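> Listed here are the chains, written in short residue letters.
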Amino acid sequence: MTSGTASKGRKYYFSTRDLVLIAVVSAAGGVLSTYVGYLGNLLNKAFGVPFGAGQWMAGLHVFWFVLVRVAVGRTGAGTLAGVLKGTVEMFTGSTHGLPIVLVSTVEGLLVDLALLPFTRPPLAALCIAGGIAAASNVVVFQALYFSGVSWGYLALMILFAFGSGIVFGGYFADGVLGIVEGARILHLRFSGDPGRAEHTGHVGRARRSSKIRLAVTLLMTVALAGGAVYYYAEVFEPFWNGPTCTVEGKVANPYVYRPVDFEDEAVTVTAELKGQVTYRPPADYTGVPLARILERAHPDASAARVRVLASDGYEAEFDLSDIMEDRTVILIREAENLRLIATGYEGGYWVRMVTRVVVE
Amino acid sequence: MITCPKPGLNPLSKLVLLVSFCVLALRAESPGHAAVPCGAVLLAHAAIGLPPAILWRRLRGIAVFALVLFLSQLFLTGGGAPWGVRAASGVRMAMRFLNIILGSHLFVSTTSAEDLAYTLMRLGLSYRYGFTLLIAMRFVPYFRLQSNTVLQAQMVRGIGVDRPSIKGVWCMARYTLVPLVVTALGRVESLAISMEGRCFGLHPRRTFLRTVPFRPVDALIIAGAIAVVGAAAAIL
Chain A
6 MTSGTASKGR KYYFSTRDLV LIAVVSAAGG VLSTYVGYLG NLLNKAFGVP
56 FGAGQWMAGL HVFWFVLVRV AVGRTGAGTL AGVLKGTVEM FTGSTHGLPI
106 VLVSTVEGLL VDLALLPFTR PPLAALCIAG GIAAASNVVV FQALYFSGVS
156 WGYLALMILF AFGSGIVFGG YFADGVLGIV EGARILHLRF SGDPGRAEHT
206 GHVGRARRSS KIRLAVTLLM TVALAGGAVY YYAEVFEPFW NGPTCTVEGK
256 VANPYVYRPV DFEDEAVTVT AELKGQVTYR PPADYTGVPL ARILERAHPD
306 ASAARVRVLA SDGYEAEFDL SDIMEDRTVI LIREAENLRL IATGYEGGYW
356 VRMVTRVVVE
Chain R
42 MITCPKPGLN PLSKLVLLVS FCVLALRAES PGHAAVPCGA VLLAHAAIGL
92 PPAILWRRLR GIAVFALVLF LSQLFLTGGG APWGVRAASG VRMAMRFLNI
142 ILGSHLFVST TSAEDLAYTL MRLGLSYRYG FTLLIAMRFV PYFRLQSNTV
192 LQAQMVRGIG VDRPSIKGVW CMARYTLVPL VVTALGRVES LAISMEGRCF
242 GLHPRRTFLR TVPFRPVDAL IIAGAIAVVG AAAAIL
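Residue numbers (my numbering), protein chains in the order written: chain A, 6 to 365; chain R, 42 to 277.
Next up, chain A with everything else stripped away, as it sits in the complex (with noise of 0.2 Å):
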């Protein structure tokens, strides 16, 4: 049997098996990974998004570790098959160039770390060290190119990139290891011995009970489910939406205002805010005034007043004709809110965060 580690009793950290079985692997993820990579890119198009969608297909690059990293049961196995794979898919033509070979190492390093304690990891270990893995690449990436990218969607890609590890980089290659071990393509390295995995209460992977499998998919879908709910529901907006407040209250035309619909009527004036507490010099503030805003919504006759609410709580009310009369007094963004300038009005005037302009 070549499985040995010894030759004419030289003894070597990998066999010549565990090389073999490391090379051949890694060049099989190499190859497919371009596959994958296209795939990625439909699954873009698909939801429409430039990029993170793809990320659903993070644990099938990182799938090979675990496989390998199990399949020899050694560490560095995950390592070595990273750095592997890395340099095969940069000779073979990724879009990545030369960080594909950092992505890829990290992410062995990073599945040869997580199942550090095993020997024979169990399937939950594996799903982590897939998902830490997988979501290891969106760091990467974000690091060398995607500089300056809201930090919920990164969450988003980090997300799936997890979630795909766990499903592919755990569970996924879990199952396969039990079909090679069943199928006895593959000898496993904790397997070698019946007689001890029998002992010590380790049967095959391919008997590995059902019930554990749909309560992993299960978990996981539950857990999938609603970060991605959740993320929706609270984090998530649209790019080409930036901060809105709503238009309300005695119009004909309630709307939802966004600044980009406003961009041609921006003005620029000249400010001062004396407040009780804060001050600040003259300075030039670009925004829409107030009164177009309104004129959008076409206020009703009988309206008098309008306020103009935070989304703490805080609001600022003022006399409707006033408003309509003075170009000066205007909304601006403000990194991701909007903000009332109120030109020739007290600082406390001068309301931050606006969510709601209601007339009354």
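Cβ pair distances, simulated, as ranges:
{"no.": "1", "chain 1": "A", "residue 1": "Lys-16", "chain 2": "R", "residue 2": "Arg-179", "range": "23 to 33 Å"}
{"no.": "2", "chain 1": "R", "residue 1": "Ser-71", "chain 2": "A", "residue 2": "Glu-268", "range": "20 to 30 Å"}
{"no.": "3", "chain 1": "A", "residue 1": "Phe-123", "chain 2": "R", "residue 2": "Val-269", "range": "40 to 50 Å"}
{"no.": "4", "chain 1": "R", "residue 1": "Thr-248", "chain 2": "A", "residue 2": "Lys-16", "range": "16 to 26 Å"}
Some chain A residues well away from chain R (every beta-carbon gap over 10 Å; in silico):
{"no.": "5", "residue": "Thr-80"}
{"no.": "6", "residue": "Leu-114"}
{"no.": "7", "residue": "Ala-130"}
{"no.": "8", "residue": "Thr-251"}
{"no.": "9", "residue": "Thr-273"}
{"no.": "10", "residue": "Lys-279"}
{"no.": "11", "residue": "Arg-297"}
{"no.": "12", "residue": "Arg-310"}
{"no.": "13", "residue": "Arg-361"}
Hint data in this document are derived by calculation from the structure and do not stem from the laboratory.
None of the values given here were measured: they were computed from a predicted structure.
Every residue gets a Cβ at the ideal spot worked out from N, C-alpha and C, and that includes glycine.
Add chain R to chain A, keeping to what the hints say.
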């Protein structure tokens, strides 16, 4: 297929050049700084005799993704930064991406994995690990053929392995990866037995029939690349 003539540098020199180039591309903070290495790498492509039409055909997808990067910087970055700042950031990121890919493309076009492995082995990398890279590269054409065969076979059976959906991804994994893994693992035992039968690993060192020369100009290039990166790190 275009075969690029090799400029004759040692693969290690080219690898050091590539890494240095990527570091420079990552350090470049302004579009002007990024344009310098971009121009240099395009000139290098011309120097190795790669026609622009072929280069464009190979890299047009990359150009599209660079555009996506630019647009993502323009529209996805928060903080209320002015459009001009976002546009500059977008250009910087797109150029960074283009530079790294173009540099990698030049490296891959002029270097064979075999030469790189032999060079690393001559420099002290254990030949057992060097051969691992060679084995991996030699299996690439075989697995390409196998994966295409498996994909075509599954599609003929009506399995949606090429559909851009979550289910399609699962089908692809289940019906493509498993046959490919089984094929791959099926080769392991026979190859390992064959190698050990030829006493692979018996001795700690071995000689090589094929050698890749390392000349003084390679040493100069490596020293120069390191110096340029050091200077850039100090200036930029």
